[in-house]
Amino acid sequence: AQSVTQPDIHITVSEGASLELRCNYSYGATPYLFWYVQSPGQGLQLLLKYFSGDTLVQGIKGFEAEFKRSQSSFNLRKPSVHWSDAAEYFCAVGRYSSASKIIFGSGTRLSIRP
Amino acid sequence: DGGITQSPKYLFRKEGQNVTLSCEQNLNHDAMYWYRQDPGQGLRLIYYSQIVNDFQKGDIAEGYSVSREKKESFPLTVTSAQKNPTAFYLCASSSETSRTETQYFGPGTRLLVL
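Read top to bottom, the protein sequences are chains A and B. Each residue of the first sequence is one higher than the one before, starting from 235 at the first, in the numbering used here. Each residue of the second sequence is one higher than the one before, starting from 10 at the first, in the numbering used here.
Excised from the complex, chain B in its bound form:
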């Protein structure tokens, strides 16, 4: 079955620690996205990538980093510079980065700070 997988489901971060969230898709999509979701708020775009080895900052990129070395993978690192990382993180993909394209979402990773 085609789809998007995210791991882990839950992740705990200690103060000053960098953590990496995994996102893999087998939909053969060119575009991938990372969103942050906080209670009572909509999704906010962190980073997106239109093609391998290229990515752009979204609306809230500070304290985060990404890489896109393979078409199917788009890992997100939450760095120690992100002072309020507790949130639900969603990865998505689409065939292209058009405003008309449907985005397909993974099941999410919940990040908690110890």
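Isolated chain A, as found in the complex:
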């Protein structure tokens, strides 16, 4: 069965430091992968998505993610975080199913240290 794992529940980084959020997936075929961000009490916004082609994907707000098939990973990165990046981040995988189209990870909460 397809699944998405985000091993870090909560991460704190200093403003200006680099960031990497981990995502591992389990999927039998070529995965379709997404990263969404959720500000407190708000809906989700798409940061970026990967379907095929270049394994390094650029997204909005200066984020990027790299698809590594050998490691079944799709980690999100940002070279220098801003206080406004504090939010919850969800990795997701598109799947074939009659009941659901996208399965979400449990999320990683990002805090920014001044």
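Read the hints as simulated data drawn from the structure, not as lab findings. Backbone N, C-alpha and C define an ideal beta-carbon position, used for all residues, glycine too. Be careful, since some hints might not be right.
[What the hints assert, rightly or not] Label-pair distances were calculated between CB atoms; the ranges are:
id, chain 1, residue 1, chain 2, residue 2, range
1, B, Tyr19, A, Ser304, 34 to 40 Å
2, B, Pro17, A, Arg343, 21 to 27 Å
3, A, Lys302, B, Asp47, 27 to 33 Å
4, B, Phe21, A, Ala235, 35 to 41 Å
5, A, Thr264, B, Leu123, 46 to 52 Å
6, A, Lys302, B, Ser104, 25 to 31 Å
7, B, Phe21, A, Lys295, 31 to 37 Å
8, B, Glu24, A, Gln292, 48 to 54 Å
9, B, Asp47, A, Ile245, 17 to 23 Å
10, A, Arg311, B, Leu36, 27 to 33 Å
11, B, Gly25, A, Arg303, 28 to 34 Å
12, A, Ser273, B, Asn37, 23 to 29 Å
13, B, Gly11, A, Ser237, 31 to 37 Å
Mind docking chain B on chain A? Use the hints.
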């Protein structure tokens, strides 16, 4: 501006009461979704609709009902059969129910039980 609106922002339910959450979109999307979000968990799909007058159960449909009488509207009713309704409810839409399609989310409704 195109987007998804959800109302109310907060909703209180008494024991044995049915409550209805509103979701409206003006993106001209065919597909609409309802998700439930609990602390520390990812989003779980309740129901989705690919077209007017048609909808399918998601992963956790028990205790919920929906209707899709208009393309732009997809209300969710939380019935008294749902024994643990306290959660954050998110509505989303996409141009089609494909696993590659970006889903656009509303701001959410927080449901609390009195």
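Evaluation of the provided hints:
no., hint, in the structure
1, Tyr19(B) - Ser304(A): 34 to 40 Å, "46 Å, violated"
2, Pro17(B) - Arg343(A): 21 to 27 Å, "26 Å, holds"
3, Lys302(A) - Asp47(B): 27 to 33 Å, "30 Å, holds"
4, Phe21(B) - Ala235(A): 35 to 41 Å, "36 Å, holds"
5, Thr264(A) - Leu123(B): 46 to 52 Å, "48 Å, holds"
6, Lys302(A) - Ser104(B): 25 to 31 Å, "29 Å, holds"
7, Phe21(B) - Lys295(A): 31 to 37 Å, "35 Å, holds"
8, Glu24(B) - Gln292(A): 48 to 54 Å, "50 Å, holds"
9, Asp47(B) - Ile245(A): 17 to 23 Å, "20 Å, holds"
10, Arg311(A) - Leu36(B): 27 to 33 Å, "30 Å, holds"
11, Gly25(B) - Arg303(A): 28 to 34 Å, "51 Å, violated"
12, Ser273(A) - Asn37(B): 23 to 29 Å, "26 Å, holds"
13, Gly11(B) - Ser237(A): 31 to 37 Å, "33 Å, holds"
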